[in-house]
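Asker: Residue numbers (our numbering), protein chains in the order written: chain A, 1 to 324; chain B, 1001 to 1253.
Simulated from the structure, these hints should not be mistaken for lab results.
Treat the hints loosely; a few may be bogus.
[Unchecked claim] Here are the simulated DSSO-like cross-link-like pairs (lysine-lysine), alpha carbons at most 27 Å apart as the crow flies:
hint	chain 1	residue 1	chain 2	residue 2
1	A	K317	B	K1157
2	B	K1002	B	K1241
3	A	K187	B	K1212
4	A	K280	B	K1197
5	A	K323	B	K1197
6	B	K1241	A	K144
7	B	K1024	A	K32
8	A	K290	B	K1155
9	A	K187	B	K1155
10	A	K280	B	K1050
11	B	K1226	A	K262
12	B	K1227	A	K283
13	A	K283	B	K1245
14	A	K144	B	K1212
15	B	K1226	A	K283
16	A	K87	B	K1197
17	A	K290	B	K1052
18	B	K1212	A	K323
19	B	K1241	A	K323
20	A	K88	B	K1195
21	A	K280	B	K1002
22	A	K317	B	K1241
23	A	K280	B	K1212
24	A	K262	B	K1212
25	B	K1212	A	K290
26	B	K1224	A	K262
27	A	K290	B	K1241
28	A	K280	B	K1241
29	B	K1157	A	K17
30	B	K1245	A	K32
31	B	K1224	B	K1247
32	B	K1050	A	K187
33	B	K1002	A	K187
34	A	K187	B	K1052
35	A	K280	B	K1052
36	B	K1245	A	K187
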Amino acid sequence: MSGVLVVLEQRAGVWNKMSFEAVAASVALAEKLDVGWSAAVLHGPSTGPGGWETGGKKPDAVYAVEHALLQEYTADGYVIALEQLVKKVGPGYVIFPHTYQVRDFAPKLATRFGQVLISDVTAIHDGPFFVRQLLQGKLNADYKQTAAGPCFVSVQAGSFRASEEAGEAVTAEVFAPEIVAEQIRSKPGELFRESAQTVDLSVAPVIVSVGRGIGEQENIGIVQELADALGAELAASRPICDNGWLPMERQVGSSGQTVSPKLYLAVGISGAIQHLVGMKGSKAVIAINKDENAPIFEVADFGVVGDLFEIVPELTKAVLAAKS
Amino acid sequence: MKILVAIKQVPERDAQIHVAADGKWIGEEDLSYTINEPDAYALEEALQLKEKNGGEVVVVCAGPERVTSTLREALAKGADRAIHIEADDLGERDTLGIAQMLADAMKAEAPDLILTGLQSDDLGLGQTGVVLAELLGMPHATIIMQVEVIGSGLKVKRELEDGWFQHVEMPLPALLTIQSGGNKLRYATLMGIKKAKTKETATVAASAAGAKAVSLEKVYLPEKQKKTEMLTGTAAEVAAKLVEKLKFEVRVI
């Protein structure tokens, strides 16, 4: 067992960009361990994303895992195919981007090898120790593999910087797994969207976002007033939209929109990982929260620890006064 | 339809936490605990499926004595029975160990459907359900918003990234991990709380822990990614300071 195998993700021939962050993590790990690395992508016949280039340390091999039953994603198909590939390649580490698809099948694949996926990793330290967040980001933890055999790891969006160097074109070697239709138990349907999104938060220069700390739906008004005063779009963290207090299309985070405004003003948002991945590209972040240990302060430029019900109306008044 | 709901008890969200002396977990002395929120949505989905299709809802939770309060709450909301897997050593088991313990306790129940939350609020590994499905030889689907019984199987709505969804069909028995927000959570009624007292909670011993594949070596407070300037004072003073920043540094007014 040696080397690092990274599994990239594509859908209908289009790369999921997080794949290249997983490649960056894999190259860094391979360099740290002084071992080789290889890459794999699964797809149906002739729907692969084609050749790709890689900068930095060259891969030992690239595998196009190709089968008619891999045309559409199913957990069963992906696990069967990757189990065969991992047995053939014999890597010490198998790295994935932490996408919704990987969350669906990688734990099952790891179980086939008697292993546990170390999921949603934000950094890799010497050891190797895999760093991940606990308690909605309030704590970090170092995880280590203690069993023999391949170590399965998925890396969080935005934690590793994808290489932008132009590299040499790499030719993939076709790997044809053995899968029969009876092994695939679920039947996937077409992808769809609920309704046309009418709010595009990704282009908003200023966003005022509200979270659980607001307590009740009636209280959202004070945050709306602040947003109006600033000429900002109103957004929210998931729990607010789950409760139906604001429409889903105003949600920022891994299951909602990804934003990078000039200012992101977070009101009563603790800053769970799923929220942070949607807004950490913001140029400036201001956080108002009653808990001084809230993880939102880790990404904030300016922070206020206090009662939002006192601070927000004062701030609205002050903004209106400054503008007039 | 017999539905098992795997529930985890986790520290309250607002809990003030500190790292325990051994550096491997948080101090548990003053913590209060509650149901893992995604598991509350799994329970809600189970109760609604029972209301539509009939059957039985059984809640299962592993942990020390304190988890029985979470099970009682689930019974008060409408679950029919509870199974408490007695285990004081959850920290000594990794995901595979936890899933194996759940599988051992669930097998004899021969459920048609197992529901659980998509991840826990404390460890957040998001895997127990998927691993459990593999150990029980069931098909699964994750991050589910809606469940519909069709013929002898299920049609589920799976959430994907960036506002996309997908329907997936599968036969029973199956396991689903439930996303929050698909339904509105119910509260326990007074009648429900009274009724819960007459419902059965079976206590079963946890199967022995095996060797771990991964271990949590240490926990620590995260380093700040940015240097945060904290603004202090009365609400009016803080507001004035923020406006200065908005004008001269962030430049949005």
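Asker: Each of the hints needs a verdict: does it hold here or not?
Answerer: Outcome of the hint check:
Distance hint between K317(A) and K1157(B) is unfulfilled; the C-alpha atoms sit about 44 Å from each other, more than 27 Å. With a C-alpha separation of about 59 Å, the suggested pairing of K1002(B) with K1241(B) is violated against the 27 Å cut-off. Between K187(A) and K1212(B) the CA atoms are separated by roughly 34 Å; this puts the pair beyond 27 Å, and the hint is violated. Distance restraint check for K280(A) and K1197(B): the Cα-Cα separation of roughly 48 Å exceeds the 27 Å cut-off, and the hinted pair is therefore not satisfied.
Restraint check for K323(A) and K1197(B): the C-alpha separation of about 61 Å exceeds 27 Å, so the hint is violated. For the suggested pair K1241(B) and K144(A), the alpha carbons sit about 45 Å apart, so the restraint of at most 27 Å is broken. In summary, the hint linking K1024(B) to K32(A) is supported, as the alpha carbons are separated by about 26 Å, within the 27 Å threshold. About 42 Å separates the Cα atoms of K290(A) and K1155(B), which puts this hinted pair outside 27 Å; it is violated.
Our distance criterion of 27 Å between C-alpha atoms is met by K187(A) and K1155(B), whose separation comes to about 9 Å. Only pairs whose Cα atoms come within 27 Å are accepted, and K280(A) paired with K1050(B) is rejected, the gap being roughly 41 Å. Simply put, K1226(B) and K262(A) have alpha-carbon atoms about 16 Å apart, close enough for the 27 Å limit, and the pair holds. Taken as a hint, the K1227(B) and K283(A) pair is honoured in the structure, with Cα atoms around 14 Å apart against an allowance of 27 Å.
Straight-line distance between C-alpha atoms of K283(A) and K1245(B) comes to about 13 Å, which keeps the hinted pair within the 27 Å bound. About 10 Å separates the Cα atoms of K144(A) and K1212(B), which keeps this hinted pair within 27 Å; it holds. At most 27 Å may separate the alpha-carbon atoms for a hinted pair to count; K1226(B) and K283(A) meet this at roughly 12 Å. Note on K87(A) and K1197(B): the hinted pairing is violated, with a Cα-Cα distance of about 52 Å set against a maximum of 27 Å.
About 42 Å separates the Cα atoms of K290(A) and K1052(B), which puts this hinted pair outside 27 Å; it is violated. Under the criterion of a C-alpha separation no larger than 27 Å, the hint pairing K1212(B) with K323(A) is inconsistent with the structure, at around 60 Å. The straight-line distance between the Cα atoms of K1241(B) and K323(A) is roughly 15 Å, inside the 27 Å bound, and the hint therefore holds. Pair hint K88(A) plus K1195(B) does not hold up; C-alpha atoms about 57 Å apart against a cutoff of 27 Å.
A C-alpha spacing of about 43 Å is found between K280(A) and K1002(B), which places the hinted pair above 27 Å, so the restraint is violated. Taking the CA atoms of K317(A) and K1241(B), the gap is near 13 Å; set against the 27 Å cutoff, the hint holds. Between K280(A) and K1212(B) the alpha-carbon distance is near 34 Å, which puts this suggested pair outside the 27 Å criterion. Distance hint between K262(A) and K1212(B) is unfulfilled; the C-alpha atoms sit about 46 Å from each other, more than 27 Å.
Between K1212(B) and K290(A) the CA atoms are separated by roughly 39 Å; this puts the pair beyond 27 Å, and the hint is violated. Proximity of K1224(B) to K262(A) is assessed by CA-CA distance (about 21 Å); at most 27 Å being required, the pair is judged to hold. Taking the CA atoms of K290(A) and K1241(B), the gap is near 18 Å; set against the 27 Å cutoff, the hint holds. The suggested pairing of K280(A) with K1241(B) holds, with an alpha-carbon distance near 23 Å, which does not exceed 27 Å.
Restraint check for K1157(B) and K17(A): satisfied, since their Cα atoms lie roughly 24 Å apart, inside the 27 Å limit. The hinted pair formed by K1245(B) and K32(A) fails the criterion: a straight-line CA distance of about 42 Å is larger than 27 Å. Restraint check: the Cα-Cα separation between K1224(B) and K1247(B) comes to about 25 Å, which is no more than 27 Å; the hinted pair holds. Pair hint K1050(B) plus K187(A) holds up; C-alpha atoms about 24 Å apart against a cutoff of 27 Å.
Proximity of K1002(B) to K187(A) is assessed by CA-CA distance (about 23 Å); at most 27 Å being required, the pair is judged to hold. For the proposed pair K187(A) and K1052(B), the alpha carbon gap of about 24 Å is at most 27 Å, so the pair holds. As the CA atoms of K280(A) and K1052(B) are separated by approximately 42 Å, the hinted pair breaks the 27 Å bound. For a cut-off of 27 Å, the pair hint linking K1245(B) to K187(A) is broken: about 54 Å separates their Cα positions.
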